[in-house]
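Asker: From these two lone chains plus the hints, build me the complex, please.
Chains as they are written, first to last, in this note's numbering: chain A, 1 to 76; chain B, 1 to 196.
Do not rely on the hints blindly, as some may be mistaken.
As the list claims (entries may be wrong) - Here are the in silico distance ranges between beta carbons for each label pair:
id : chain 1 : residue 1 : chain 2 : residue 2 : range
1  : A       : D41       : B       : G30       : 48 to 56 angstroms
2  : B       : A65       : A       : R72       : 30 to 38 angstroms
3  : A       : D46       : B       : G68       : 28 to 36 angstroms
4  : A       : G36       : B       : V12       : 43 to 51 angstroms
5  : A       : T49       : B       : G174      : 50 to 58 angstroms
6  : B       : G11       : A       : I68       : 48 to 56 angstroms
7  : A       : T73       : B       : G11       : 25 to 33 angstroms
8  : B       : R136      : A       : R10       : 18 to 26 angstroms
9  : A       : D74       : B       : E181      : 40 to 48 angstroms
10 : A       : D74       : B       : P57       : 32 to 40 angstroms
11 : A       : F71       : B       : R120      : 41 to 49 angstroms
12 : A       : R63       : B       : A173      : 40 to 48 angstroms
13 : B       : L172      : A       : N12       : 19 to 27 angstroms
These aren't lab readings, by the way, just hints derived from the structure by calculation. Note that the structure is a prediction, hence the values are computed from the model and not measured. No residue lacks a Cβ here, since even glycine has one placed at the ideal position from N, Cα and C.
Each chain is listed here by its residues.
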Amino acid sequence: MSENVQRRLRVNPILCDGVGYCAEIVPELITLDDWGFPAVDPRPIDGETLLHHVQRAVATCPRLALLIEEFRTDRG
Amino acid sequence: MTVCGNVAHPGVYEVDLGARLGGVLAAAGGTLSPAGGALLGGYFGTWLPAASLQDLPLDPERLRAAHGASLGCGVLAVLPYGGCGVIEAARIITYLAAETSGQCGPCVNGLAALSDAMHRIAMSEPDPADHERVRRWIGMVRGRGVCHHPDGAVGQLSSALAAFKDHLGMHLAGQRCYGIEVSGFPRPPAPGRDWR
Chain A
1 MSENVQRRLR VNPILCDGVG YCAEIVPELI TLDDWGFPAV DPRPIDGETL LHHVQRAVAT
61 CPRLALLIEE FRTDRG
Chain B
1 MTVCGNVAHP GVYEVDLGAR LGGVLAAAGG TLSPAGGALL GGYFGTWLPA ASLQDLPLDP
61 ERLRAAHGAS LGCGVLAVLP YGGCGVIEAA RIITYLAAET SGQCGPCVNG LAALSDAMHR
121 IAMSEPDPAD HERVRRWIGM VRGRGVCHHP DGAVGQLSSA LAAFKDHLGM HLAGQRCYGI
181 EVSGFPRPPA PGRDWR
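Bound-form chain B, shown alone (with noise of 0.2 angstroms):
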């Protein structure tokens, strides 16, 4: 697996499946801060929550029941303490939305519509029907393209509302959110297409 974001020795790490998350954090040299939570199974992963995170199983299928993880592309990335598991979704699903292949209507405007209420509601400046339109644009995004970018993209976001709740009810709250000074968590690339 890959380990990245708050732990002491980033890097590439070979696990038992048979192991716990608490034993890969500690072979990464623990984490820096307490963990504030998670993403296992890179961008198109599943945001756990920081207190599941010691006894979590490795082997997919318990993953699968406990969590509906899985360990995806393998990557391992935890968040700081503070960090804002709403806001690193946010910036995740603006990546994605622009890492669109451009070729099925849900995907380029869905994700493209969730990225900039994400971005509201990650600010603390929601519109007032934000939350239900999120909520909404999930399931009308969910399985409608031709490959599973939208899915992917989607579920990764749907987990971070889940797991990280309390932080959620700030921000539509409109209360600040210290968690976007926090640094330590691995930012996506800017979005950019100028390659094409």
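So that you can see chain A by itself, here it is in the shape it has in the complex (with noise of 0.2 angstroms):
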């Protein structure tokens, strides 16, 4: 059994205001909704570009509202 750490993007609801500069940056992970406010993908982030972009997007909201969790799949 080998662990694997994985990354997903995830929003606090409770911060965003809805700007949408997210939603410009990574649109592959997330979609506005019909208010403005940001529906996240929560699958892991598959790949560095996308990664990157995540980490460009989490720099760039004004309210902090964005943030990577780490996570562990165990595969066995």
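Answerer: The structure is reproduced here in structure tokens:
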């Protein structure tokens, strides 16, 4: 059994004001709902390029409402 | 369980989880008029169609399996004959939209939008897009708050749309629903945020 660390993008909906930069930067993972608030794809971030974009989005958010969360998946 | 609405003796009753809902209704003196349906589990609960009430098992696993329902806060509110679950659900979503703590965008905006659209549907004056929008917004709001206030609110609403399909069709077709004049189902308090 090996442990595998993966990353996913999360939004703190309390901090989020629906500014919307994140959906411009990573439309692969973030879509805006009818009111301009981000809905985040909870699946693991796949690939270095996408991770780079995600990091850019996290750094750009004026509300600091995005974070990259690491989680472990146990593969048997 | 707290039994209220369309029953002879509203009140709190001790109930064996092996019982069926018909027994609970009998303990509360029976219904005053034939039940038009019921909301089980309070404002975050599940609407059940009238035909399912009598034989409904109360143990949690079977409730969940049969109707996706749970006892929730333990309140059973019985709809009077001729009452309309769509109208009552619209009243409840309006109340719950006003009760948002105002922290998360999807809850603040989503419940308010659902409340407006459901008000139009309840009055049988829907915009052509309202039905589709309500369905979409229910999915759009669910799971997007830090707390589960929006989840419970849209769960109640979606169960009402499923349990009162016929009523919903009438409302969407613009037919006047006489359920709006039927009293006997507990109404939520008037939305107000004065105390804040």
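Asker: Now look at each hint and say whether the structure bears it out.
Answerer: Now for the hints, and whether the structure bears them out:
no.	hint	in the structure
1	D41(A) x G30(B): 48 to 56 angstroms	holds, 51 angstroms
2	A65(B) x R72(A): 30 to 38 angstroms	holds, 33 angstroms
3	D46(A) x G68(B): 28 to 36 angstroms	holds, 33 angstroms
4	G36(A) x V12(B): 43 to 51 angstroms	holds, 45 angstroms
5	T49(A) x G174(B): 50 to 58 angstroms	holds, 52 angstroms
6	G11(B) x I68(A): 48 to 56 angstroms	holds, 53 angstroms
7	T73(A) x G11(B): 25 to 33 angstroms	violated, 51 angstroms
8	R136(B) x R10(A): 18 to 26 angstroms	holds, 23 angstroms
9	D74(A) x E181(B): 40 to 48 angstroms	violated, 59 angstroms
10	D74(A) x P57(B): 32 to 40 angstroms	holds, 38 angstroms
11	F71(A) x R120(B): 41 to 49 angstroms	holds, 43 angstroms
12	R63(A) x A173(B): 40 to 48 angstroms	holds, 44 angstroms
13	L172(B) x N12(A): 19 to 27 angstroms	violated, 37 angstroms
Consistency with the previously given hints fails for numbers 7, 9, 13, ordered from lowest to highest.
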